Amino acid sequence: MLVIKRLMTRYMPGMLTCQQVDRFLYDYHEGQLSFAENIKFKFHLSMCTDCQAYVSGYKQTIASIKASEQIEQRPEKIPEDLVQAILKSIKR
Amino acid sequence: MSESRLVDGLLNHNDVAFETLVREYGGAMYGVILAIVNNPPDAQDCLQKAFVQVFENIQSFRRDSSLKTWLHRIAVNAALMLLRSQKRHKTVALEDYSQHYNKYGERTVFATHTAHIDTDSADGSGNNIEQLFERNETKTTLHQLICQLPEKYCNVLLLRDIQGLSTKETSVYLDLSEAVVKTQLHRARLFLKAAFLKAK
Chain A
-17 MLVIKRLMTR
-7 YMPGMLTCQQ
3 VDRFLYDYHE
13 GQLSFAENIK
23 FKFHLSMCTD
33 CQAYVSGYKQ
43 TIASIKASEQ
53 IEQRPEKIPE
63 DLVQAILKSI
73 KR
Chain B
4 MSESRLVDGL
14 LNHNDVAFET
24 LVREYGGAMY
34 GVILAIVNNP
44 PDAQDCLQKA
54 FVQVFENIQS
64 FRRDSSLKTW
74 LHRIAVNAAL
84 MLLRSQKRHK
94 TVALEDYSQH
104 YNKYGERTVF
114 ATHTAHIDTD
124 SADGSGNNIE
134 QLFERNETKT
144 TLHQLICQLP
154 EKYCNVLLLR
164 DIQGLSTKET
174 SVYLDLSEAV
184 VKTQLHRARL
194 FLKAAFLKAK
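Top line first, the protein sequences correspond to chains A and B.
Counting along the first sequence from 1, when you hit position 36 you're at 18 in this note's numbering, and nothing is skipped either side.
Going from the second sequence to this note's numbering is simple: count from 1 and add 3.
Chain A with its partners taken away, still in its complex shape (with noise of 0.2 Å):
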């Protein structure tokens, strides 16, 4: 497979590289690319396990750095006694 990815990202026009498709990521995953890169950007990964992973990776990083925050229990209301700080530095 690697030396048909080599073959392939060399000589065949319109395969993207590896780094290629780490210029791509963001709008990738923002669904930002257009059509034809969206194509030959999923096709240069059912072809590189490295790409696969490094990919995999990023979204799994960004699910999990949005999932981190959710899980915090942010308060409806301030406690009573911090209102009543912030009242008084307001007064001052």
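Careful: at least some of the hints might be erroneous.
Counterexamples of contact, computed for chain A against chain B with all Cβ distances above 12 Å [to be verified]:
| no. | residue |
| --- | --- |
| 1 | Val3 |
| 2 | Phe25 |
| 3 | Lys59 |
Derived DMTMM-like pairs (lysine to aspartate or glutamate); straight-line CA-CA distance at most 20 Å [said to hold, decoys possible]:
| no. | chain 1 | residue 1 | chain 2 | residue 2 |
| --- | --- | --- | --- | --- |
| 4 | A | Lys70 | B | Glu172 |
| 5 | A | Lys70 | B | Asp48 |
| 6 | B | Lys201 | A | Glu62 |
| 7 | A | Lys59 | B | Asp67 |
| 8 | A | Lys70 | B | Asp67 |
| 9 | A | Lys22 | A | Glu12 |
| 10 | A | Lys70 | B | Glu22 |
| 11 | A | Lys48 | B | Asp67 |
| 12 | A | Lys22 | A | Asp32 |
| 13 | A | Lys70 | B | Asp45 |
| 14 | B | Lys52 | A | Asp9 |
| 15 | A | Lys48 | A | Glu19 |
| 16 | A | Lys59 | B | Asp18 |
| 17 | B | Lys71 | B | Glu109 |
| 18 | A | Lys70 | B | Glu27 |
| 19 | B | Lys185 | A | Glu62 |
| 20 | A | Lys73 | B | Asp11 |
| 21 | A | Lys73 | B | Glu172 |
| 22 | A | Lys73 | B | Asp18 |
| 23 | A | Lys73 | B | Asp48 |
| 24 | A | Lys59 | B | Asp48 |
| 25 | B | Lys185 | A | Glu19 |
| 26 | B | Lys171 | A | Asp32 |
| 27 | B | Lys185 | A | Asp9 |
Hints are computed from structural coordinates only; laboratory data are not their basis.
Fair warning: this is a prediction, and the values are worked out from it, not measured in the lab.
Glycine included, every Cβ here is placed at the ideal spot set by N, Cα and C.
Since chain A is already given, all that's left is putting chain B on it; use the hints.
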């Protein structure tokens, strides 16, 4: 109390209006600040400072945006200022975490060999970042890593991925172009990905 009446009261420095503001919007602002500073005592101090800023700058509030949006921005700025003042930004060289390619543009390894790509995992994902994030201490570690980023990367990541702002909103908050926000966010994410694997 309606937002319009509340703003009128605030502009007249009405004590009741300020108390209503603190009680109604304090929780949301505290949540925003806590997500950025990740430390309750610091977040409480910061919230206090943010409300002082609200009090001092209420005359500059223009009704073309909602009060909630304006307060959110003040809370975010106060939290980012606190991070800066704490000098948590021990700058790391992002280059150490960047990808390397050969002359044909093929992926080789990270500069830090500890963060190399593992293609032998059964699921093909190459790492277990999700499992790492499930550990109790991970949230703190994650925050420490974010704070180690150069300030510009740290701020973009906090606003986009932690606060959930859009690229456009982030660009307005930080006074950057959307293209710069995208670039910095991408680099920050790549750093975190590599740094987490290194910390594993």
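Hints, verified against the model:
Separation of Val3 of chain A from chain B is inadequate, the least Cβ-Cβ distance of about 8 Å not exceeding the 12 Å criterion. Every Cβ of chain B is farther than 12 Å from the Cβ of Phe25 of chain A; the closest lies at roughly 15 Å, confirming the non-interface assignment. The claim that Lys59 of chain A is not at the interface with chain B is violated, since a C-beta of that chain comes within 12 Å of its own (minimum 5 Å). A C-alpha spacing of about 33 Å is found between Lys70 of chain A and Glu172 of chain B, which places the hinted pair above 20 Å, so the restraint is violated.
For the suggested pair Lys70 of chain A and Asp48 of chain B, the alpha carbons sit about 13 Å apart, so the restraint of at most 20 Å is met. Between Lys201 of chain B and Glu62 of chain A, the direct Cα distance comes to roughly 43 Å. Violation of the 20 Å bound is thereby established for this hinted pair. In summary, the hint linking Lys59 of chain A to Asp67 of chain B is not supported, as the alpha carbons are separated by about 27 Å, beyond the 20 Å threshold. Distance hint between Lys70 of chain A and Asp67 of chain B is unfulfilled; the C-alpha atoms sit about 30 Å from each other, more than 20 Å.
Taking the CA atoms of Lys22 of chain A and Glu12 of chain A, the gap is near 16 Å; set against the 20 Å cutoff, the hint holds. For the hint linking Lys70 of chain A to Glu22 of chain B, the alpha-carbon distance of about 10 Å falls within 20 Å, and the restraint holds. Proximity of Lys48 of chain A to Asp67 of chain B is assessed by CA-CA distance (about 30 Å); at most 20 Å being required, the pair is judged violated. Distance restraint check for Lys22 of chain A and Asp32 of chain A: the Cα-Cα separation of roughly 16 Å lies within the 20 Å cut-off, and the hinted pair is therefore satisfied.
Of the supplied pair hints, the one linking Lys70 of chain A and Asp45 of chain B holds, its CA atoms being roughly 18 Å apart against a limit of 20 Å. For the given pair, Lys52 of chain B sits about 38 Å from Asp9 of chain A by alpha-carbon distance, which is inconsistent with the 20 Å threshold. At roughly 27 Å between alpha-carbon atoms, Lys48 of chain A and Glu19 of chain A are farther apart than 20 Å, so this suggested pair is violated. Only pairs whose Cα atoms come within 20 Å are accepted, and Lys59 of chain A paired with Asp18 of chain B is accepted, the gap being roughly 19 Å.
Proximity of Lys71 of chain B to Glu109 of chain B is assessed by CA-CA distance (about 48 Å); at most 20 Å being required, the pair is judged violated. Taken as a hint, the Lys70 of chain A and Glu27 of chain B pair is honoured in the structure, with Cα atoms around 17 Å apart against an allowance of 20 Å. With a C-alpha separation of about 40 Å, the suggested pair Lys185 of chain B and Glu62 of chain A falls outside the 20 Å cut-off, and the hint is violated. Note on Lys73 of chain A and Asp11 of chain B: the hinted pairing holds, with a Cα-Cα distance of about 18 Å set against a maximum of 20 Å.
At roughly 32 Å between alpha-carbon atoms, Lys73 of chain A and Glu172 of chain B are farther apart than 20 Å, so this suggested pair is violated. Under the criterion of a C-alpha separation no larger than 20 Å, the hint pairing Lys73 of chain A with Asp18 of chain B is consistent with the structure, at around 9 Å. For the hint pairing Lys73 of chain A with Asp48 of chain B, the CA-to-CA distance comes to about 16 Å; that is within 20 Å, so the pair holds. The hinted pair formed by Lys59 of chain A and Asp48 of chain B meets the criterion: a straight-line CA distance of about 16 Å does not exceed 20 Å.
This hinted pair checks out: Lys185 of chain B and Glu19 of chain A have alpha carbons roughly 18 Å apart, not beyond 20 Å. For the hint pairing Lys171 of chain B with Asp32 of chain A, the CA-to-CA distance comes to about 32 Å; that exceeds 20 Å, so the pair is violated. Under the criterion of a C-alpha separation no larger than 20 Å, the hint pairing Lys185 of chain B with Asp9 of chain A is consistent with the structure, at around 9 Å.
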